[in-house]
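Peer 1: Here's the letter readout for the chains.
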Amino acid sequence: MKRVIAVISVLVSALSASVALAQDTVKIGVITSITGRFAEFGEMHQAGIQAALEDVNAAGGVNGVPVEVVMEDDTSEGNAALAAAERLVNQGIPLVLGAYSSSITNPIAQYFTRQERPFLVFTSSDDAITRPGSAWIYRINQPSYAYAEVLFNVFDEINAQKGAGTLSTIVTIHGNGAFESAVADAVDLLASERGYVVLDRQDYDQSGADFRPILNRFSGLDPDVVFMVSYAADSVALARQIQEVGLDAKVFAGGAAGFALPGFIEGAGPATEYVYTATMWTADVPYPGAVELNDRLTAILGRTPSYHAAQAYAGIITAVDVLERAASDSPADIQAALAATDMPDTVYGPIAFADYQGYQNQAPLPAVAQQVQNGEFVTVYVNGQTLNSMLDTPSWDDR
Amino acid sequence: MDGLTPFLQNLSGGLLIGGIYALIGVGLSLIFGVMRVINFAHGDFVAIGMYTAMVLFRQLGVDPYLALVIALPAGVIVGALVQRVVLARLVDSPGDSTLLATLGLSLVIANTLFLLFGAEPQSIFLPYATTTVTLAGIRLPVTQLIAGGLTLAIIVGLWFLLNRTEMGRAVRATAQNRLGAELVGVNTRSVHALVFGVGMALAMAAGIVLAPLLFAIPTVGSSYTLKAFVVTVLGGLGSIPGAIGGGLLLGVVEFMGASYLSSGYRDAYGLFAFVIILLLRPEGLFGRSAKRV
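Heads up: the protein sequence lines correspond to chains A and B, in order.
In my numbering, each residue's number is its place in the first sequence (first place is 1) plus 7.
In my numbering, each residue's number is its place in the second sequence (first place is 1) plus 1295.
Since the hints were made in silico from the structure, they are not lab data.
Glycine is no exception: its CB is placed at the ideal position from the N, C-alpha and C atoms.
Treat the hints with care, as some may be off.
[Claimed, not checked] Simulated restraints, written as ranges between beta carbons of each label pair:
no., chain 1, residue 1, chain 2, residue 2, range
1, B, 1521, A, 77, 37 to 45 Å
2, B, 1428, A, 399, 25 to 33 Å
3, B, 1422, A, 65, 40 to 48 Å
4, A, 200, B, 1394, 40 to 48 Å
5, A, 64, B, 1514, 36 to 44 Å
6, B, 1514, A, 207, 24 to 32 Å
7, B, 1514, A, 72, 41 to 49 Å
8, A, 228, B, 1428, 53 to 61 Å
9, A, 363, B, 1394, 54 to 62 Å
10, A, 347, B, 1413, 39 to 47 Å
11, A, 171, B, 1409, 47 to 55 Å
12, A, 404, B, 1409, 41 to 49 Å
13, A, 296, B, 1409, 39 to 47 Å
[What the hints assert, rightly or not] To give an idea of the chain B side of the interface with chain A (calculated C-beta under 7 Å), a few residues:
no., residue
14, 1416
15, 1427
16, 1431
17, 1434
Chain A extracted, bound-state conformation (with noise of 0.2 Å):
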């Protein structure tokens, strides 16, 4: 009788066991902004995600076992990212993704290094998150130099065709958080290298909107170059108020973040004709899939979507091909695996993480620049070659 009980329970616990198995899936953490400031960008990374989770459960998940992403808001703050990346940690989830910005992400890549846990970064660009890095962060997205680079290549290009000199004197304004900071550094490291003269560099408090004191600082410098690093509320505000103070530049670049949202466009109307922006990818980029993918995302969000959405797709699939190829949920193997991914053909263009240039664990990915022509973003140089026509910068008073 006692073997009959026995073997009754070793079946039934077999049995509930290969039921909980069926019914179980691979979880992959995200921490983005779904509340706060930074919201807009949360709902990008909400749209990729989205696309991406329907193509790689189509395609079987992770060896056959369906993908879920748990989601976590850090509400546009630091210490509400930190406590999401602990309970990310304490659930066991094997691998975590995130977060929008990069004064978030730099605490919680901290976390994850001290907890010796594996990390992957997509949207977040501050140098310092790979620069120097660890050995538990990687990153697949841009770093924040290679957003004032292609604005650079921009403006070698303009000297290339209008001649020499034609742009040679820069004037910065930038948010006071990590990433502006950062885009910053890099606009004047490149100027000093390539040539240009920074003739002023001013920042300012993000919860600051009334920038026309600065802009009249600028005015009477008169500089060739304005360059502007700012998230969504600030970038709309910029482009306002200098039509407003009537500041003249040859050209006005925004170092990505709000300048590359569909709602620039929108807040501030005519007043963003002819600015440039950097860009991390746009459906123009020559990777298979790009305009397939716009073209889901657009129809996701009811609206264009920026490169976050594609940072965000590019995440999971990343997270996914790392899980297939880990040895087990450890994070050694977890971390083993990150080191040895080697996707040549993404949406978002060849993924390998490398050491360069300082950087360490960093996907080395070109940016793209785009300008905006008759209230449209127009891609016009992508991967060091010029793809539409730029379109010189009238005047206020010409236009």
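Got chain A; can you put chain B on it based on the hints?
Peer 2: Only chain B this time, still in chain A's reference frame:
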């Protein structure tokens, strides 16, 4: 471009924004002068004004400046109600009680706005937002000119109310001596309610004229409460002309400092001027000095 034009551009910008600071400071000064209440929720009334303009513009398509017609009477009524429900019960209690009550009110307002509108910065984009008028080479944004004009009109209206009406006489009497005013038949409870209502309406008006110029976040109030204190103390606590002078001074100091020094310390310049003036004239620029014995 010569150096004079940016200077004049900054000066005009500072005066125009300073006018709005004055409007905020006048309300705070009026409330303190009559009720002896330090209103920590004053900046949050500015935030309510900004969001009121936003809602009326987005939901009903009402131009923010026309929203003043609705918001000013609504501000008076809501402010009077707040005074009756919260502050009237604390009239003879120690000063700390009203201070804490307004601090609590500030938290309630900021969190209610957060719940209703979220933390994302929001702004109004008017079709004429970037239209400017050029005067002797100085570009004056139409929105700032309208804001300046409305501010002037509201302050003149307030002066008329306080100095040319029976109601104003009752307000001034209550400010000078509440007991004496009661003895001659002034209903000081009603005066307090009216003054708090007018103070709230002035702050809301400032918020409405600011809405097309800046963006709103639910916690923006604390920064305007601080500015209102600086404005009123700069000009002399309880003095309405002082608040106007203090507001204009703060606007110009902030604007000039942000333009000619470093923009990252914009708020600090106002506080620096505040400390200097307090050191040199503790009673404020326009306040009456107490005789020292």
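Peer 1: Are the hints correct? Go through all of them and say.
Peer 2: Against the structure, the hints come out as follows:
1. B:1521 <-> A:77: 37 to 45 Å: For residue 1521 of chain B and residue 77 of chain A the Cβ distance comes to about 41 Å; the hint holds.
2. B:1428 <-> A:399: 25 to 33 Å: holds (27 Å)
3. B:1422 <-> A:65: 40 to 48 Å: holds (46 Å)
4. A:200 <-> B:1394: 40 to 48 Å: Given about 56 Å between the Cβ atoms, the range is violated.
5. A:64 <-> B:1514: 36 to 44 Å: holds (41 Å)
6. B:1514 <-> A:207: 24 to 32 Å: holds (30 Å)
7. B:1514 <-> A:72: 41 to 49 Å: This hint holds: roughly 44 Å between Cβ atoms.
8. A:228 <-> B:1428: 53 to 61 Å: violated (24 Å)
9. A:363 <-> B:1394: 54 to 62 Å: holds (59 Å)
10. A:347 <-> B:1413: 39 to 47 Å: Taking Cβ atoms as reference, residue 347 of chain A and residue 1413 of chain B lie about 42 Å apart, which means the hint holds.
11. A:171 <-> B:1409: 47 to 55 Å: Given range 47 to 55 Å: holds, Cβ gap about 53 Å.
12. A:404 <-> B:1409: 41 to 49 Å: holds (42 Å)
13. A:296 <-> B:1409: 39 to 47 Å: Given range 39 to 47 Å: holds, Cβ gap about 40 Å.
14. 1416: Residue 1416 of chain B check passes; min Cβ-Cβ to chain A is 4 Å, inside 7 Å.
15. 1427: holds (6 Å)
16. 1431: This hint is violated: residue 1431 of chain B lies away from chain A, its Cβ roughly 14 Å from the closest one there, beyond 7 Å.
17. 1434: holds (5 Å)
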